[in-house]
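S.K.: Those sequence lines, one after another, are chains A and B.
The opening residue of the first sequence carries number 29 in our numbering; numbering runs sequentially from there.
The opening residue of the second sequence carries number 1260 in our numbering; numbering runs sequentially from there.
Any given hint might turn out to be false.
Said to hold, decoys possible - Here are the simulated DSS-like pairs of lysine-lysine, each with C-alpha atoms no more than 25 angstroms apart in a straight line: (1) B:K1328 x B:K1360; (2) A:K83 x A:K42; (3) A:K69 x B:K1262; (4) B:K1360 x A:K69; (5) B:K1355 x A:K48.
To be verified - Label-pair restraints from in silico Cβ distances: (6) A:S43 x B:L1310: 43 to 49 angstroms; (7) B:P1276 x A:C41: 33 to 39 angstroms; (8) B:R1340 x A:S71: 20 to 26 angstroms; (9) A:T108 x B:S1300: 19 to 25 angstroms; (10) B:D1326 x A:P36: 42 to 48 angstroms; (11) A:G81 x B:T1285: 30 to 36 angstroms; (12) B:P1276 x A:T108: 41 to 47 angstroms; (13) B:S1300 x A:S82: 29 to 35 angstroms; (14) A:S43 x B:K1360: 29 to 35 angstroms; (15) B:P1266 x A:R139: 44 to 50 angstroms; (16) A:K69 x B:L1310: 29 to 35 angstroms; (17) A:L96 x B:L1367: 42 to 48 angstroms; (18) A:S43 x B:S1312: 33 to 39 angstroms; (19) A:K92 x B:N1272: 44 to 50 angstroms.
Rather than coming from a laboratory, the hints here were simulated on the basis of the structure.
A virtual CB, placed ideally from N, CA and C, is assigned to each residue, including glycine.
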Amino acid sequence: GAVVSQHPSWVICKSGTSVKIECRSLDFQATTMFWYRQFPKQSLMLMATSNEGSKATYEQGVEKDKFLINHASLTLSTLTVTSAHPEDSSFYICSAGGRGNSPLHFGNGTRLTVT
Amino acid sequence: DAKTTQPNSMESNEEEPVHLPCNHSTISGTDYIHWYRQLPSQGPEYVIHGLTSNVNNRMASLAIAEDRKSSTLILHRATLRDAAVYYCLVGNRDDKIIFGKGTRLHILP
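Let the sequences and hints guide you as you build the complete structure.
M.R.: Take a look at the structure:
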């Protein structure tokens, strides 16, 4: 079964509003989670690394004030897209892994459409 | 930048084996080799991973070159459900994982 749960699976919002996406590790604790964005026919692009109890690390070109990440517990990270615009429409995916070199597990993604 | 290079696309006939190559010439000694695949509108799915020795699981086999600069994912008997984008990644779990473009595998019935 799924070990990383992502919610919602899809969301439509109006331009200027904010949207929160949740990523939960179901049967393990994750000190680190990753957030990706994927445009059609393209690969996953890493946006940020979410660290439990501390600030997220953002990749170059990703606005931290626009994409707010909170990792308040070992099983939950949230990504909030603030003041969304149509160009933020994309497929957002989170991932988390156990300790050591166990593989990453990915959520099923959230399709965000901003109208 | 991604540490791996893969062909953009490959084709295979149904029920035949598929060998998906990956080059990772800058791999370091502690880097694991991971393979994931992504079906349309889904998150990536773990396939297999290894360090030095070849690995087998119920989904696939992973053949790792002796110098570890390349690897091959082997699907022993492809089905239509194996059509997906396959990503080869290297790193250890404390690294951020950067995806390359992957290989889009087409399965012909």
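S.K.: Each hint needs a verdict: does it hold in this structure or not?
M.R.: Structure-based check of each hint:
Taken as a hint, the B:K1328 and B:K1360 pair is honoured in the structure, with Cα atoms around 18 angstroms apart against an allowance of 25 angstroms. Restraint check: the Cα-Cα separation between A:K83 and A:K42 comes to about 28 angstroms, which exceeds 25 angstroms; the hinted pair is violated. Proximity of A:K69 to B:K1262 is assessed by CA-CA distance (about 20 angstroms); at most 25 angstroms being required, the pair is judged to hold. Our distance criterion of 25 angstroms between C-alpha atoms is met by B:K1360 and A:K69, whose separation comes to about 10 angstroms.
For the given pair, B:K1355 sits about 23 angstroms from A:K48 by alpha-carbon distance, which is consistent with the 25 angstroms threshold. The given range of 43 to 49 angstroms is respected by A:S43 and B:L1310, whose C-beta atoms sit roughly 47 angstroms from each other. At roughly 46 angstroms, the beta carbons of B:P1276 and A:C41 sit outside the given window of 33 to 39 angstroms. With their beta carbons about 21 angstroms apart, B:R1340 and A:S71 fall inside the hinted range of 20 to 26 angstroms.
Between A:T108 and B:S1300 the C-beta distance comes to about 23 angstroms, which sits within the given range of 19 to 25 angstroms. Checking the proposed 42 to 48 angstroms range against B:D1326 and A:P36 shows it holds: the Cβ atoms sit about 45 angstroms from each other. Look at A:G81 against B:T1285: about 32 angstroms separates their beta carbons, and that is inside 30 to 36 angstroms. For the pair B:P1276 and A:T108, the supplied restraint of 41 to 47 angstroms holds, since their beta-carbon distance comes to about 45 angstroms.
The beta-carbon spacing between B:S1300 and A:S82, approximately 33 angstroms, falls within the hinted interval of 29 to 35 angstroms. The beta-carbon spacing between A:S43 and B:K1360, approximately 31 angstroms, falls within the hinted interval of 29 to 35 angstroms. Roughly 28 angstroms separates the CB atoms of B:P1266 and A:R139, a value that falls outside the hinted 44 to 50 angstroms. Between A:K69 and B:L1310 the beta carbons are some 32 angstroms apart, a value that agrees with the proposed interval 29 to 35 angstroms.
Range check, A:L96 to B:L1367: Cβ separation about 45 angstroms, and the 42 to 48 angstroms hint holds. At roughly 52 angstroms, the beta-carbon separation of A:S43 and B:S1312 lies outside the given 33 to 39 angstroms, and the hint is violated. Range check, A:K92 to B:N1272: Cβ separation about 48 angstroms, and the 44 to 50 angstroms hint holds.
When the structure is compared with the earlier hints, violations turn up for hints 2, 7, 15 and 18 and for no others.
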